[in-house]
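Novice: Residue numbers (the working numbering), protein chains in the order written: chain P, 1 to 308; chain H, 1 to 311; chain S, 1 to 358.
These aren't lab readings, by the way, just hints derived from the structure by calculation. Quick reminder that beta carbons are idealized off the backbone N, C-alpha and C, glycines included. Mixed in with the good hints, there may be bad ones.
Capping the alpha-carbon separation at 27 Å, the derived lysine-lysine pairs in DSS-like fashion look like this [unchecked claim]:
#1 P:K166 with S:K55
#2 P:K166 with H:K165
#3 H:K220 with H:K285
#4 P:K220 with S:K40
#5 H:K165 with S:K52
#6 S:K334 with H:K137
#7 H:K34 with H:K132
#8 P:K248 with S:K40
#9 H:K237 with H:K165
#10 S:K329 with P:K166
#11 P:K180 with H:K165
#12 H:K78 with H:K90
#13 H:K132 with S:K198
#14 H:K285 with H:K78
#15 P:K181 with H:K237
#16 H:K165 with S:K55
#17 S:K40 with S:K52
#18 H:K237 with P:K180
Computed footprint of chain P on chain H; a stretch qualifies when at least three of its residues, placed anywhere within it, have a C-beta under 8 Å from a C-beta of chain P [unchecked claim]:
#19 160 to 166
#20 184 to 192
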Amino acid sequence: MTRRCEETIVRIYPDDEMKTPMHMSMGQEAVAVGVCRALGNNGDVVASYRSHATYLAQTEDHGSFFGELHGRVNGTADGKSGSMHLADIPKGMLGSTGIVAAGIPVAVGAAFANKQNSPGRIAAAFFGDGATDEGVFWESLNVSCAMGLPMMFVCEDNDLAVHTRKSHRQGFNSLVEVVKKYRCSVYEDDTNDVESIYAMTRSAIAQIIAMGTPAFLNVKTYRYLEPCGTTMDSDAPYRRAEEDAYWKGRDCVALQRARLLANGLAEKDVVAVENEINAAILASVAAAKAAAHPTPQQLYYGVFYEAP
Amino acid sequence: MANTHNERLKRLIYQTLLIRRIEERVIELYPSDKIQSPVHLSIGQEPVAVGLCEPMTARDVLFTTYRGHAYYVAKGGKLPELMAELYGRKGGVSGGKAGSMHLAAPEVGMMGSSAVVASTIPHAVGAALAAKVRGDKQAIITIFGDGAIEEGVYHESLNFASLHKLPVLFVCENNALAVHTPLRERQAFDIVTHAKAYNINTTVIEDGNDLIKIADTSAKLLESLRSGGGPEWLMIKTYRYKEHVGPGDDFDSGYRSRAEMEKWLATDPLYRWADLVKEMEADVKSEIDRAVAFAEASPAPGLADLLTDVE
Amino acid sequence: MTHQAQPTALSYREALFKAMHDAMALPNTLVFGQGVNDHKGIFGTTTGLGEKFGKNRMIEVPLAEEGVTGICIGAALNGAYPINIHIRADFVLLAMNQIINLAAKYKYMFGGLFDVPMLVRLVIGRSWGQGAQHSQSLQSLFAHIPGLRVIMPASSGAIVDSYAHAVQHHRGPVISLEHRLMYDLTFERDHEPTVLGKTPFSQRRVRKGNDVTVVSTSIMSLEARRAADWLADRGVSCDVIDLHCVSHIDANVIMESVGRTGRLLVADTSWQPYGVGAEICRIVCERDPGALKAPVVTLGMAAAPCPTAKSLEDIYYPNLTTLTDSIAKLVRGKADHGIELPHERSMADVYKRFKGPF
Ligand SMILES: Cc1ncc(C[n+]2csc(CCOP(=O)(O)OP(=O)(O)O)c2C)c(N)n1
Ligand SMILES: Cc1ncc(C[n+]2csc(CCOP(=O)(O)OP(=O)(O)O)c2C)c(N)n1
Ligand SMILES: [Mg+2]
Numbered sequence: 001m002t003r004r005c006e007e008t009i010v011r012i013y014p015d016d017e018m019k020t021p022m023h024m025s026m027g028q029e030a031v032a033v034g035v036c037r038a039l040g041n042n043g044d045v046v047a048s049y050r051s052h053a054t055y056l057a058q059t060e061d062h063g064s065f066f067g068e069l070h071g072r073v074n075g076t077a078d079g080k081s082g083s084m085h086l087a088d089i090p091k092g093m094l095g096s097t098g099i100v101a102a103g104i105p106v107a108v109g110a111a112f113a114n115k116q117n118s119p120g121r122i123a124a125a126f127f128g129d130g131a132t133d134e135g136v137f138w139e140s141l142n143v144s145c146a147m148g149l150p151m152m153f154v155c156e157d158n159d160l161a162v163h164t165r166k167s168h169r170q171g172f173n174s175l176v177e178v179v180k181k182y183r184c185s186v187y188e189d190d191t192n193d194v195e196s197i198y199a200m201t202r203s204a205i206a207q208i209i210a211m212g213t214p215a216f217l218n219v220k221t222y223r224y225l226e227p228c229g230t231t232m233d234s235d236a237p238y239r240r241a242e243e244d245a246y247w248k249g250r251d252c253v254a255l256q257r258a259r260l261l262a263n264g265l266a267e268k269d270v271v272a273v274e275n276e277i278n279a280a281i282l283a284s285v286a287a288a289k290a291a292a293h294p295t296p297q298q299l300y301y302g303v304f305y306e307a308p
Numbered sequence: 001m002a003n004t005h006n007e008r009l010k011r012l013i014y015q016t017l018l019i020r021r022i023e024e025r026v027i028e029l030y031p032s033d034k035i036q037s038p039v040h041l042s043i044g045q046e047p048v049a050v051g052l053c054e055p056m057t058a059r060d061v062l063f064t065t066y067r068g069h070a071y072y073v074a075k076g077g078k079l080p081e082l083m084a085e086l087y088g089r090k091g092g093v094s095g096g097k098a099g100s101m102h103l104a105a106p107e108v109g110m111m112g113s114s115a116v117v118a119s120t121i122p123h124a125v126g127a128a129l130a131a132k133v134r135g136d137k138q139a140i141i142t143i144f145g146d147g148a149i150e151e152g153v154y155h156e157s158l159n160f161a162s163l164h165k166l167p168v169l170f171v172c173e174n175n176a177l178a179v180h181t182p183l184r185e186r187q188a189f190d191i192v193t194h195a196k197a198y199n200i201n202t203t204v205i206e207d208g209n210d211l212i213k214i215a216d217t218s219a220k221l222l223e224s225l226r227s228g229g230g231p232e233w234l235m236i237k238t239y240r241y242k243e244h245v246g247p248g249d250d251f252d253s254g255y256r257s258r259a260e261m262e263k264w265l266a267t268d269p270l271y272r273w274a275d276l277v278k279e280m281e282a283d284v285k286s287e288i289d290r291a292v293a294f295a296e297a298s299p300a301p302g303l304a305d306l307l308t309d310v311e
Numbered sequence: 001m002t003h004q005a006q007p008t009a010l011s012y013r014e015a016l017f018k019a020m021h022d023a024m025a026l027p028n029t030l031v032f033g034q035g036v037n038d039h040k041g042i043f044g045t046t047t048g049l050g051e052k053f054g055k056n057r058m059i060e061v062p063l064a065e066e067g068v069t070g071i072c073i074g075a076a077l078n079g080a081y082p083i084n085i086h087i088r089a090d091f092v093l094l095a096m097n098q099i100i101n102l103a104a105k106y107k108y109m110f111g112g113l114f115d116v117p118m119l120v121r122l123v124i125g126r127s128w129g130q131g132a133q134h135s136q137s138l139q140s141l142f143a144h145i146p147g148l149r150v151i152m153p154a155s156s157g158a159i160v161d162s163y164a165h166a167v168q169h170h171r172g173p174v175i176s177l178e179h180r181l182m183y184d185l186t187f188e189r190d191h192e193p194t195v196l197g198k199t200p201f202s203q204r205r206v207r208k209g210n211d212v213t214v215v216s217t218s219i220m221s222l223e224a225r226r227a228a229d230w231l232a233d234r235g236v237s238c239d240v241i242d243l244h245c246v247s248h249i250d251a252n253v254i255m256e257s258v259g260r261t262g263r264l265l266v267a268d269t270s271w272q273p274y275g276v277g278a279e280i281c282r283i284v285c286e287r288d289p290g291a292l293k294a295p296v297v298t299l300g301m302a303a304a305p306c307p308t309a310k311s312l313e314d315i316y317y318p319n320l321t322t323l324t325d326s327i328a329k330l331v332r333g334k335a336d337h338g339i340e341l342p343h344e345r346s347m348a349d350v351y352k353r354f355k356g357p358f
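So here's chain P without its partners, still in its complex pose:
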């Protein structure tokens, strides 16, 4: 569903009806879907600006998703947020932010609140490998480990911050080796397989609850499209052809489709599900286009706290 939503964006973005910078998840969907499904209804998540997959996996709501991208009143925030700030608090999607790493401490705060108020509920922060360059990531890690919070750090490790590889940004050999120095459990995945990520997350959750300490998940993944925007940039100098081929050869959606067929599902049943998804997405896009633009009065709504 996430993939199809983004494919739809790629198709209709050039129409210029969605005037918002798109940071696409394409290629990386397995991380969000695997983790969010494992959390079920018992998790709060905070995403980065590359939040489409996280939002869709956590809420399964592409109606408000397309509304927001179109800047319409049926969006997640009446069109005020756009692609970088998707949120749905009741569904445990606590927000996404255009400032790298800024959501991480927010998730730690949610974990703190959950520890007090909702035992068993876990907060997860999604972020890229670039976000771990920021001091606030290390502050958040230290605080949540020192306080023993039910917190899950999910690093979507695509080796890139915009166009810069980890080797040009990191003075250490391996992030997980540094993180292992903290009082938390560390998990790694390099399969791009949503079920494997799901299973790993389930063990991490069990560990968090049993030990009362955070977990750090490092999931290797690969971004298909340009860092910001909806086109392929396979020819850009920072790309590596063999890497591109390697990851596209283990595309997470293709992988899962093949598994479903291998498990005995009929091709026509899979196609039926795909068609259902496509039709639902088209309906969402149509609804978004038909929805009203926000009114001028809405410009000032929500700036300050207003007593109910």
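With chain P's structure known, arrange chains H and S with the ligands on it following the hints.
Specialist: Just chains H and S with the ligands now, kept in the frame of chain P:
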């Protein structure tokens, strides 16, 4: 040989004593309100500063913190200017605008100290970068407390220094306290293996009273920086005798015990070499008297100084 | 990008490239930024300079805004001239400790023992859905702090001259806010505003007039010029002053103009409370409020975070129509001033060849 060893030890003890007695003079003067500036005393920790600075030249650049009196003196800053600065007088090293927390003496390589925890760590990294780009064999040293390690900027600095193999020595003055909070309540990681995971050589000195060991280690590490060996990381365990800020003792306040201090007193060089100290007291006293007299005589800055050096 | 000896016209982007090139030609310059050496080269303003001058001086940095700003300060203290680039001004908020607590105070706090010469380039994003965290115009925040020099170059000439002055002569930290919408605009050398002072950091006169003083910043200076041109054909003569340096304002320039016109409008790129408009009013009120024949008018962003939806964004920012209308009202003293207005819904539509995503 024994004699030169003695000379060296004497020099180190003299400096340690000088710093101790200066700060004790500050304590003595404090009730008079002549020093109107928060003082973070280093009493108990002086050997760390003295040992580290022994092998440094004036070209080696040092960045330190609000707990900076000891480094100012050990790096070679002038005493009268120090006293006048604490007094807030024109004759102070910064004309009274700095006070105790922002000591500096650029002519001997003591850069500006800052009251914001961890904020000078990246300065050292930047200075090391400039030195490296210039091809200059300068060594750059940054001093910080164990509390500074919790700040994100510490991690950013370590990462950058390691990535670019910069000639910077990170020194953690570990008194196991940030204000009144012990290390174990604040840190969920072992700081030594953590620094090592950044591909930085680490060294630990368990006894922050061992002047010679600190000085020898410092010499070795600075030499490694100068020969292009990349960053070094050193932790020295030490103990602060006085309260976090201010002139008093605080063993009755509940967060620590006097017994802890007594353990450290056992190796305190000023007690261990009490006979040497005795011989030096008179010289030290007269040096400090001169500095205090200079401060007392120095005029207060006024309106004409208020808006100078803003930009 | 070709550059002749003395081009007669230069785009803002080319001017930035030239400024970076000329700075790097000096051996002690270090440029720091995320993406300075990638194929996009900070919107083309650093492209190829790493290859030409060395990547040890054109430095690709991790995402560590506070750390890198501190590194710039340390490098400056040790003889380098650092230039730190943030592709959005919003990201520098992570470095406020180093900028405000350290860089701005380093000279004064140590009684003049040190200088921290450095340039921080901040790009203001606007339009096309940049949203609340990629669009802020933070000049007032910086200009509030003693020790910082804050400029908002509004032409290619302003870039070239001011950056050369910063790098070669100025000994303190300079914060420069560049406007993303100007990058593709070309500025003719013969149409550069007149510098009203001794250094390139001085205020500039965009157009001389007698009916109303318009003080503007950054891209609003271009809008003010367009509004003034429009109104000149309709009998209103505007004195347009591009503030350029918002932290150091020559009160005489403002007072001389207001003294002639008796009317003042301030058009800024940011929020009004505690902003540039408020500061200009302070200058006038403290000196000669009697010079004003009518209440002051200020324009800026609506007092809300920036919304993403185009329909809201268009009313969030002032545009040529609202600016022209405000000037006409002020000069004629009534809402139905009878002056024809230009029709333009969104400034971004005009300035852009800019069409997302960044
Ligand atoms: C504080 C901050 N600095 C810089 C940026 C510009 N920026 C946006 S995305 C990005 C790269 C982040 O890389 P990573 O965290 O690995 O996430 P990815 O885009 O690979 O998912 C950068 C530098 C920003 N948005 N926020
Ligand atoms: C950024 C910042 N946060 C908090 C403080 C208040 N503060 C001053 S000293 C200190 C403790 C620092 O501990 P440590 O780094 O171990 O140094 P020590 O005082 O033990 O030498 C704190 C929290 C500060 N000055 N700056
Ligand atoms: Mg401490």
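Novice: Does each hint fit the structure? Answer for all of them.
Specialist: Against the structure, the hints come out as follows:
About 17 Å separates the Cα atoms of K166 of chain P and K55 of chain S, which keeps this hinted pair within 27 Å; it holds. The straight-line distance between the Cα atoms of K166 of chain P and K165 of chain H is roughly 16 Å, inside the 27 Å bound, and the hint therefore holds. As the CA atoms of K220 of chain H and K285 of chain H are separated by approximately 33 Å, the hinted pair breaks the 27 Å bound. With a C-alpha separation of about 25 Å, the suggested pairing of K220 of chain P with K40 of chain S holds against the 27 Å cut-off.
Note on K165 of chain H and K52 of chain S: the hinted pairing holds, with a Cα-Cα distance of about 23 Å set against a maximum of 27 Å. Under the criterion of a C-alpha separation no larger than 27 Å, the hint pairing K334 of chain S with K137 of chain H is inconsistent with the structure, at around 71 Å. For the given pair, K34 of chain H sits about 44 Å from K132 of chain H by alpha-carbon distance, which is inconsistent with the 27 Å threshold. Of the supplied pair hints, the one linking K248 of chain P and K40 of chain S holds, its CA atoms being roughly 25 Å apart against a limit of 27 Å.
Only pairs whose Cα atoms come within 27 Å are accepted, and K237 of chain H paired with K165 of chain H is accepted, the gap being roughly 26 Å. A threshold of 27 Å between alpha carbons decides the hint, and for K329 of chain S with K166 of chain P the separation of about 57 Å lies outside it, so the pair is violated. The hinted pair formed by K180 of chain P and K165 of chain H meets the criterion: a straight-line CA distance of about 23 Å does not exceed 27 Å. As the CA atoms of K78 of chain H and K90 of chain H are separated by approximately 15 Å, the hinted pair is consistent with the 27 Å bound.
Proximity of K132 of chain H to K198 of chain S is assessed by CA-CA distance (about 37 Å); at most 27 Å being required, the pair is judged violated. For the proposed pair K285 of chain H and K78 of chain H, the alpha carbon gap of about 15 Å is at most 27 Å, so the pair holds. Distance hint between K181 of chain P and K237 of chain H is fulfilled; the C-alpha atoms sit about 20 Å from each other, no more than 27 Å. This hinted pair checks out: K165 of chain H and K55 of chain S have alpha carbons roughly 15 Å apart, not beyond 27 Å.
Taken as a hint, the K40 of chain S and K52 of chain S pair is honoured in the structure, with Cα atoms around 16 Å apart against an allowance of 27 Å. Restraint check for K237 of chain H and K180 of chain P: satisfied, since their Cα atoms lie roughly 24 Å apart, inside the 27 Å limit. With a cut-off of 8 Å between beta carbons, the region 160 to 166 of chain H has 5 residues touching chain P; three or more are needed, and the interface restraint holds. Counting residues of the region 184 to 192 of chain H whose C-beta sits closer than 8 Å to any C-beta of chain P gives 6, which meets the bar of three, so the coverage hint holds.
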